[in-house]
Structure formats: structure tokens, C-alpha cells
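Work out the full structure, taking the sequences as your base and the hints as a guide.
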Amino acid sequence: MASESTHTAEDLSTSTNASQGMEFSTDAYLDMDLLRFLTCGSVDDGKSTLIGRLLYDSKSIFEDQLEAAESASLSRGDQRMDLALLTDGLRAEREQGITIDVAYRYFATPKRKFIIADCPGHVQYTRNMVTGASTANLALILIDARHGVIEQSRRHSFITSLLRIPHLVVCVNKMDLVDWSEEEYNKIREDFEEFAARFEITDITFIPMSALTGDNVVNRSENMEWYQGPSLLHHLENVHIAGDRDMIDPRFPVQWVIRPQGDEHHDYRGYGGQVASGVFQVGDDVIALPSGMESKIKSIDIGGETFQHASPPQSVSIQLETDIDVSRGDMICRPHNQPTSGQDIDAMVVWMAETPMVVGKKYTIRHTSNEARCVIKELRYRMDIDTLHRVEGAADLKLNEIGRVSFRTTKPLFFDPYRQCRATGSFIIVDEQTNNTVGAAMILGESS
Amino acid sequence: MTQTADSNAHYKLTHLKALEAEAIHIMREVAAQFEKPALMFSGGKDSIVMVHLAKKAFRPAKFPFPLLHIDTGHNFPEALDFRDKLCEELGERLIVHKVQDLIDRGIATEDPGPYPSRNRAQIPTLLDAIEKYEFDALFGGARRDEEKARAKERIFSFRDDFGQWDPKNQRPELWNMYNGRHQMGENIRVFPISNWTEMDVWQYIMLENIEIPDLYFSHKRDVVERRGQLVPVGDSPFEAREGEAIINQTVRFRTVGDMSCTAATDSPAATLEDIVAEVAAARASERGARMDDKTNEAAMEDRKKEGYF
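Listed in order, the protein sequences are those of chains A and B. Each residue of the first sequence is one higher than the one before, counting from 1 in this note's numbering. Each residue of the second sequence is one higher than the one before, counting from 1 in this note's numbering.
Hints may contain errors.
[To be verified] Only pairs whose alpha carbons sit at most 27 Å apart, straight line, appear in this in silico DSS-like list of lysine-lysine:
id	chain 1	residue 1	chain 2	residue 2
1	B	LYS132	B	LYS62
2	B	LYS12	A	LYS111
3	B	LYS98	A	LYS298
4	B	LYS12	B	LYS36
5	A	LYS296	B	LYS55
6	B	LYS55	B	LYS85
7	B	LYS132	B	LYS36
8	B	LYS55	B	LYS12
9	A	LYS411	A	LYS362
10	B	LYS85	A	LYS298
11	A	LYS298	B	LYS17
12	B	LYS220	B	LYS85
13	B	LYS17	A	LYS111
14	B	LYS98	B	LYS17
15	B	LYS62	A	LYS298
16	B	LYS85	B	LYS12
17	B	LYS62	B	LYS12
18	B	LYS98	B	LYS132
19	B	LYS85	B	LYS132
20	B	LYS98	B	LYS168
21	A	LYS377	A	LYS362
22	A	LYS377	A	LYS398
23	B	LYS36	B	LYS62
24	B	LYS85	B	LYS98
25	B	LYS12	A	LYS296
26	B	LYS168	A	LYS398
27	B	LYS168	B	LYS220
These aren't lab readings, by the way, just hints derived from the structure by calculation. All of these numbers come straight from a predicted model, not from anything done at the bench.
Structure follows, in C-alpha cells:
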């Protein structure tokens, strides 16, 4: 049998009847929600096959795209179609047969729309995985049933936990190659649970499957009667994500002040932004930071449509009862529920540039809609992401390395710990010479 | 127009509203981070959706940027009429930069060969407009589901002072934070509807009741069959070629680009509901109707590296 990552178009279309029952009704479509998930793995673990199957079975790959991939395979001299050609978009990726960067894929079932951030799995692409993970609600980790939990599985689980992706699905793949053995599956599951206990991952689901044969991908497997859980697609469609949003702590970073010049809307002064967390209601007492001025919410609207309240991730315009000084970079919140305000911040940092992070160097940071300068005060430790040991006394952070860093900013930031709120607990680090984004930071709290 | 949405009863956000919120956030970031942005407007459905989103992001104020149309001279007349009518209703500034002017100045050249397209000639025209008006950010309505090079492109896509895209050296883009810092002469292409699919666009048009050109709905039109596609014929240079028979057929356009490179679809879909049903059942991609992407496997990536959107 050819390697797992190759298929012909015919294999895909005949090996499953999943496209039945995928018809949309207009009403259902308008009531779907959105799940962003991350897939992570390398060429040989069957990831491309799995994504190819999800896309094909949900009719998200079109015939001309299949044909283009098929003709590209043939012209390269492959005997069968390489499914990775559907997802590997760049010339260099196709030529070298590797995935370099995150690719975003889209499919929908009558229940949900899905955005897949398809990430390369090797250690030299850690920054790409972190990028894909930053917006994901769910991570999908593939484990080859023949090899069990390997170093790469550990690294991917660590990043999932570091970026606080709320849901993790462990796909124990290639079950066909271990005779659909419940024993093998249980052993892998126990191994995984043992090391995952060290991470803060609240929701882990295990699914035994074969992406090649389609068992437990879309349809329940008939080869594994012992498995009582859902198929992967069923799980993706039903996993509860509404509860992942923080509806308790209202935070509204102001992006843009809307002030019409004409006479018609002379009195309109709206603060445009995206709700980072919590719920804002008309009539709420609010405080603007850093000024500390208090007011009440007069109205919430967007494009002429008014709302009684707004919750994440809605983009709205908020008008206040009184004319107080609020501009871009400021934050609107409740007087009795404010974020931390501070200039000494500790964060976990993933370094993303070829040039290492230097202690003592100044960088620009972007945090919510705010921008500030900072100096790196201390690299407290570096994480060895394969052993998960803390390496004390590290001199710098190199590309793809992760460590705990102390920052001093030139002005106060209004932040929450990343574990409480992704939007107010994260920032990016920008090199002032090259303007490149060189680091991603997840705030732990004020430096002690 | 003021109304209170029923959805206020729940905090649930549908996928269309989530995508809308993301796009509005991106547009406001651009307004705040750049001196001179512009919104690329072609009269096609994606750019019409972009204008609708800009209204949500900035009304009741005016847009903090003009609309920019790179006019190939190969437009469908219906698309031009629609463009002018919409701009008048909006009361926003429209800048038209013409490929023909650049050809006349000897800066752009007409493609040779049997299937002339002005797709490539748009690149120097766009770069000329960027230089003339000193634009530092341009909004485009491109989506990642359209083409696989686009699937890898950032929402803030950095271009050097030649407008070139370097796919192997893209800025990491995390959470909802966008880094628009740039040097003089460099610019950023911004794609607020990157994460939308063709289906999302149609559903959104239906949900928001957005007006689009009649070209998208089924109508009678003179076409010829050329390389397996239904190609619209009209006045020179779009007349039928020797040996081609003109057929008057009920067709519609699934995508509206230049007349020289957009094929029609044999379709009876006369309403948005019909179109949505058709898109749901479609087995060919939208860009399958774009002859310009078929040149080779990396056609889009190559054009983007040169400065194309």
C-alpha cells in the first residue's frame, strides 16, 4: 500500500457516503456558529489525509481543485494523487513536499462553520503553530497508533496548554494498522493522560480512527465496536464552545473614535471597538482608563442598528452619557471590575524571529488597541519544550524558544492574566528597526 | 434607520456575525494605524460587501478613506453603472485609475497572445496609483478560500516598495492583533474578509439585503463556447472569433472580473435564495470561471509576488 498521505480522487469519493445529509437549509445556515480549530502534525502522520477527508466529505473541495492537484501529482511523477497538494499553497512547499506555513481551510456542515488552521508540526515551525493556536477554540492532535505518544505529541500538547486552547481532541490515527486494537488504544490514552496531567487542559477527548479508511472520521466505525464515543465530525459539530467566552469581566479597548463632521449627527461621538470580554449594557456605569473618568453607556450601535447590550467578540460603537476624554488605546470597563494597571509585567514569550531576544533591549509592544515601548528586564527561565524542564540562566531566547520574561513598559498597560482573558492578556513584540513582529507574549501578571 | 435586533435576547453569535465583527475590527485597525488607506472597489460582490462593512465600521461618519477602482477598460458596462450609482448614494470619494493611461504612457503593456487579458497590466497601474496618491494601506476583498496561495496570506499582507509579496517572510499574525508598522514607500494590503467563503458572502448579502449588480442573476446574454467555458461576447475587442457561434443563453456570473477573463455560468438562478442553493450544490470552484488562474499551478502566487492583490 502506498503511503498514507496519498490518495486518488476516486478513493475519496467512493470510500464514504458522508456527503449525504449535508444539505443546507437557508434557515439553518443563518443559525450556525463558528468553530476555529488547529490541526498539527507532519507529513507522515496522516494529517493531510484527515483534512482532505473532512473537506471532501463536506463538499468543500471542488472538482477543479481536485483535478488541479491530480495533474500536479502526475506531472511531478507521483503515481497517485498527493492530497497535501490541496493544502500546500506555496511553490516552495509543493516542490519540497513540506508544509512551511499555516494554511487556513474552510468547511461547513449544517450545524457549524469551521475554520481549520493547518499547521506544520516540526519543532522549527513552533512559531507557526503558535500563530495558528492563538485564535483556535479547539486543537486536534494526531497520534500514530503504531508509534504512540512521541516527543512531538508532548510539544503540541504543551503549546495547546500554553495558548490556552479550551478543547483538545487526541486522534489516535492509523488504527487499521494495529488491527483496530482496543488494547493499543487504551495504552496510548493512558500514556497521554499521564503526561497531560501536568498541563492545564480542561477538556480532552480521545478518538480512535483511521483517516485513510474513514473510520470514526465522519461516520462511526464498524471495525471498533468497543468504542462508544462520537466520530470526529460529530464531536466537532457538538462540542460546547459558547461557555468558553468570559461574560463576567467587561473590557472594551477603544480602537477608533467615530465623530461625524456634518450637522446631521452633530452630537454623535461613538467609541468603536471589539468587546474583549464581559457584557456591556445600555445604562451601565463605566469607567475609562487611564483617565479614570466615569460615565454611563448611552447607546450601543453598529451601522444604524442599535443594541441593548454587547458581548464578545462583537464589534460595536458605544456612546457615553457625558463628554469625557476617551481615545484610541484607552479601555472602557466597569468601575468595580477593572483590569490590572501596571508597567512591570511577567509573561510567557514565544520568540518568532531569527535574531534572538536580547535582555536590556527596547522593543515596541502592541497590546489590545494600545501601543507602548518596553525594555526586557530579565529572562527568568527558558522552557525546554521537549522535556518541559525550566532552564535557568539562559542568555537569550532564540527563534521558536519559549521563556518567562519580565518587562518594564514606558506607560501603564491595562491587562488581565492570559488565563482569564486572551484578548487583554496577550501582546505582540515588534522590533523597532525592522518593524517585524518578533514575539508573542501571554501575560502571567505583575512582576513580583 | 434604527431597529433593535431580536438577537439581543441571546448572547449567541452566528458565524456570519462573528465574521462581520472580525472584518469591522480589521477595518478600524487600518483607519487607526495608517495615514492614507484606500478601499479597492471593483463593483464585484466582494468589494460591495466590503463597502457594506465599512458603513458598519464608520457610520454615521464618512469613511476615513476613498474608494479606488483600477479600471482595466474591460469592465462589464453593468458593473460600471452600478459602481457610479453606489458611490453617489454613499457620498464617498471614488478614485479611478485607468490601465489604458498606463499603456499609453508605455508603463504597462498589453498581454500578447490569443487570449489577451489586462490582468497583468493591472499590477503597474495599481503600483502607479499607490505612488501617486501615497497610499500606505489598501483594502482588498480577497478571500483565503479562493485560491491556495491566498490560503497562506496574512490579513495584513506586507509589501515592499515594489509592491512585492514575499510568502516565505510574512509577519506572524496572532490573536486579533495586527502589526501595520512600515517604512516610507512600503505598504500593506489588507484583507478583512480573508476568513469568509463564497457561501458566507452570499449568505451575508442575503441576510443584510445588500444590493448587487444584475449580472449575478440569471439573464439572457450572447455567449460563445471557448475552451469549454461560456464566454460573454460584446463590442470589440470582445466579439466572437472566427468559427465561434454566438448563442443567446440564460446565464449568470458567479464572479465578476474583466469581460476578457470571466466566464458565465449556465444557470437559472434568479434570486439570492436560488444562488445560495446553487453555490451549496456547486462542484466547481468560483475561480474555475477565471481563465487567468489556469495558466499554471502557481499563477496566483507569481502575480502576487509582483504586486498583484
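(request) Would you mind confirming whether the straight-line C-alpha gap from B:LYS98 to B:LYS168 stays at or under 27 Å? (result) violated, 32 Å
(message) With the threshold set at 27 Å, check whether the alpha-carbon distance from B:LYS85 to B:LYS132 stays at or below it.
(response) The hint holds at about 26 Å.
(request) Decide if the proposed pair is consistent with the structure: B:LYS62 and B:LYS12, CA atoms, cutoff 27 Å inclusive. (result) Not satisfied, since the Cα-Cα distance of roughly 30 Å exceeds 27 Å.
(message) So if I understand the rule, the pair passes when the alpha-carbon distance is 27 Å or less; does B:LYS55 with B:LYS12 pass?
(response) holds, 23 Å
(message) With the threshold set at 27 Å, check whether the alpha-carbon distance from B:LYS55 to B:LYS85 stays at or below it.
(response) Holds - the C-alpha atoms of B:LYS85 and B:LYS55 are around 16 Å apart, at most 27 Å.
(request) Below or equal to 27 Å on CA atoms is what counts here, so check A:LYS377 against A:LYS362. (result) The given pair, whose Cα atoms are some 10 Å apart, holds under the 27 Å limit.
(message) A:LYS298 and B:LYS17 were given as a pair; does the straight-line alpha-carbon distance stay at or below 27 Å?
(response) Between A:LYS298 and B:LYS17 the Cα gap is close to 23 Å, so the pair holds against 27 Å.
(request) Starting from B:LYS12, check that the Cα of B:LYS36 is at most 27 Å away, please. (result) violated, 36 Å
(request) Take a quick look at whether B:LYS98 and B:LYS17 sit within 27 Å of each other, Cα to Cα. (result) Not satisfied, since the Cα-Cα distance of roughly 36 Å exceeds 27 Å.
(message) Tell me if the straight-line CA distance from B:LYS12 to A:LYS296 falls inside 27 Å.
(response) Between B:LYS12 and A:LYS296 the Cα gap is close to 25 Å, so the pair holds against 27 Å.
(message) What's the verdict on B:LYS85 and B:LYS98, does the C-alpha distance respect the 27 Å limit or exceed it?
(response) Cα-Cα ~19 Å, so holds.
(message) Run the distance test for B:LYS36 versus B:LYS62: straight-line Cα separation, threshold 27 Å.
(response) holds, 15 Å
The earlier numbered hints that this structure contradicts are 3, 4, 10, 14, 16, 17, 20 and 27.
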